[in-house]
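Protein chains: 2
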Amino acid sequence: MAPEKELVKLIGFWASPFVLSVRWALKLKGIEYEYQEENLLKKSPLLLQYNPVYKKVPVLLHNGKPLLESLFIIEYIDETWKHNPLLPQDPFERAKSRFWAKFAHEKCIGPMIKAFFKIGEEQEKCVKEACEHLKILESGLEEGKRFFGGETIGFVDIAVAWMGCWARIVEEVLNVKLIDEEKMPRLIAWFKNVVEVPMLKECMPPTQKLLEHNIRFRKLLVAAAERHQSSPLTGP
Amino acid sequence: MAPEKELVKLIGFWASPFVLSVRWALKLKGIEYEYQEENLLKKSPLLLQYNPVYKKVPVLLHNGKPLLESLFIIEYIDETWKHNPLLPQDPFERAKSRFWAKFAHEKCIGPMIKAFFKIGEEQEKCVKEACEHLKILESGLEEGKRFFGGETIGFVDIAVAWMGCWARIVEEVLNVKLIDEEKMPRLIAWFKNVVEVPMLKECMPPTQKLLEHNIRFRKLLVAAAERHQSSPLTGP
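Listed in order, the protein sequences are those of chains C and A.
Mapping the first sequence onto the UniProt record's numbering, position 188 (from 1) lands on 188, and the numbers just tick up by one.
Mapping the second sequence onto the UniProt record's numbering, position 204 (from 1) lands on 204, and the numbers just tick up by one.
Worth double-checking, as some hints may not be accurate.
The list treats identical chains as interchangeable, and a pair is accepted whether it falls inside one copy or across any two copies.
Stated by the list, open to error - Here are the computed lysine-lysine pairs in the DSS-like style, where the Cα-Cα straight-line distance is at most 30 angstroms:
hint, residue 1, residue 2
1, K135, K82
2, K102, K114
3, K43, K128
4, K125, K42
5, K29, K183
6, K42, K219
7, K183, K65
8, K42, K135
9, K135, K107
10, K43, K177
11, K192, K145
12, K27, K209
13, K102, K43
14, K145, K65
15, K183, K9
16, K145, K55
17, K5, K114
18, K135, K145
19, K56, K5
20, K82, K219
21, K55, K102
22, K27, K125
23, K209, K219
24, K183, K56
In short, the hints are calculated from the structure, not lab data.
Input sequences plus hints: build the corresponding full structure.
Here's what the structure looks like:
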């Protein structure tokens with residue numbers, strides 16, 4: 001637990017899974033923190049001051065010092081509050097965890113997000129890319145293990161496994177297929193094992209609210225695409 | 001120094017700056033290693049076996065275990081051989097180092113490499129993007145400090161500062177301007193400070209050989225673009 005006078009503040013957005021990862025890390029460590037919800041259409045001076053490079057959530061402020069990028073924030077939390085370790089202790093296992101978390105973020109989640117901003121052939125290409133990489137991600141999961149690294153929840157779990165829920169939303173909003181129950185049974189079991197950990201489950205935003213938010217967001221993107229040629233839906 | 005029986009092997013390619021980063025880390029730690037040069041046009045079974053996901057160099061084998069991705073390999077080296085630390089000890093400074101190394105790789109080096117595979121407007125766009133991000137990278141450097149984190153060489157230095165040399169090669173091969181001496185004096189001084197460290201300098205591939213290699217490589221790309229519509233020079 002953080003000493004009494006420590007100031008921990010998370011700048012986030014309720015529907016951001018990257019913010020959820022950080023919330024999960026703080027929860028598993030038992031760290032109390034203040035939370036500031038951002039309006040992403042009108043970003044706060046605090047966010048712009050502390051993340052001038054990307055202007056994105058999450059930002060974690062610890063005694064006034066800003067930590068950026070969810071994966072690095074989780075590593076920071078793990079190095080600062082050493083109880084309930086999230087990363088394995090063995091350097092080889094640590095490197096493997098970092099590798100798979102980055103792989104999932106760049107090669108699975110990246111194309112899923114991109115698909116959301118695309119239509120037609122370009123969208124199909126992103127969906128295909130995500131599917132192929134999800135199969136590779138599954139190959140990193142050990143048969144019969146509850147979590148990514150074994151039987152204890154850890155770094156890759158909280159950095160990535162929310163993807164199960166978000167992929168379903170992308171599937172529903174875009175009417176595409178990302179996760180094949182028959183072809184990726186281990187991946188699906190893993191997603192479920194993680195979000196069913198009670199401490200994590202209670203941080204999850206309500207699925208219906210998340211779905212409605214993303215339906216509205218997609219509608220805005222489609223409307224913009226119909227109005228302008230250079231809309232985000234057709235751009236690079 | 002590694003105990004006598006440890007087996008450290010680096011699979012690399014002489015002109016790859018990401019391999020150079022790992023060489024630098026091993027050099028600064030005083031780790032002896034075996035080196036296997038890859039033919040990237042005909043990759044070895046060893047490379048394909050140990051990096052089936054990306055099939056890329058560098059791969060570091062330590063007692064038979066494969067480490068992948070230069071930034072994670074450097075962290076592994078730092079965690080395994082703890083003398084001459086490369087990352088700072090303070091968690092906040094460690095997070096900052098990871099942030100800037102990733103920023104430089106994704107936002108500066110990424111577009112530079114992409115520019116190499118493009119022509120015309122698309123190439124110009126990549127060059128512009130790299131330039132803008134180089135200015136931001138410079139803002140991360142503290143005035144008057146010899147290296148990125150201070151007075152001792154460390155993680156960001158060996159992960160990124162070879163860029164000074166490689167940018168010059170991209171500039172010469174593509175006939176573009178990436179680094180403005182007048183506008184980025186701190187960045188240029190930093191690049192110089194790092195590659196002039198004697199231990200690092202002796203690992204650098206000869207500039208002329210590197211330039212000739214990249215001129216040949218670019219010519220191959222241009223020739224392919226002229227032969228096929230779907231060449232890498234016009235693709236996404």
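Within, between, both or neither: how does the pair K43, K128 come out at a Cα-Cα threshold of 30 angstroms?
Only across copies: K43 and K128 sit 26 angstroms apart there, 34 angstroms inside one copy, limit 30 angstroms.
For K27 vs K209, is the C-alpha pair at or below 30 angstroms within one copy, between two copies, both, or neither?
within (22 angstroms within a copy, 53 angstroms between copies)
Which holds for K183 with K56 at a C-alpha limit of 30 angstroms: within a copy, between copies, both or neither?
between (35 angstroms within a copy, 27 angstroms between copies)
Is it within, between, both or neither when you check K209 against K219 at 30 angstroms Cα-Cα?
Intra 15 angstroms, inter 54 angstroms, cutoff 30 angstroms: intra-copy only.
With 30 angstroms as the alpha-carbon cut-off, assign the pair K43 and K177 to within, between, both or neither.
neither (33 angstroms within a copy, 34 angstroms between copies)
When Cα atoms must be at most 30 angstroms apart, do K145 and K55 count as within-copy, between-copy, both, or neither?
between (38 angstroms within a copy, 27 angstroms between copies)
Is it within, between, both or neither when you check K102 against K114 at 30 angstroms Cα-Cα?
Classified as both; 17 angstroms inside a copy, 20 angstroms across copies.
For K82 and K219, with the copy left unspecified, which applies at a CA distance of at most 30 angstroms: within, between, both, or neither?
Neither way: K82 and K219 sit 44 angstroms apart in one copy and 53 angstroms across, limit 30 angstroms.
Go through the copies and call it for K42 and K135: within, between, both or neither, with a Cα cutoff of 30 angstroms.
Classified as between: cross-chain Cα gap 26 angstroms, same-chain 38 angstroms, threshold 30 angstroms.
I want to check one pair: K27 and K125. Are their C-alpha atoms no more than 30 angstroms apart within a copy, between two copies, both, or neither?
Answer is neither: 37 angstroms inside a copy and 43 angstroms across each miss the 30 angstroms cutoff.
From the Cα coordinates, with 30 angstroms as the cut-off, is the pair K55 and K102 best called within, between, both, or neither?
Cα proximity of K55 and K102: in one copy and across copies (21 angstroms, 16 angstroms).
Is it within a copy, between copies, both, or neither that the alpha carbon of K102 lies no farther than 30 angstroms from that of K43?
Classified as both; 27 angstroms inside a copy, 24 angstroms across copies.
Hint compliance for this structure: hints 1, 5, 10, 15, 17, 20, 22 are broken, all remaining hints hold.
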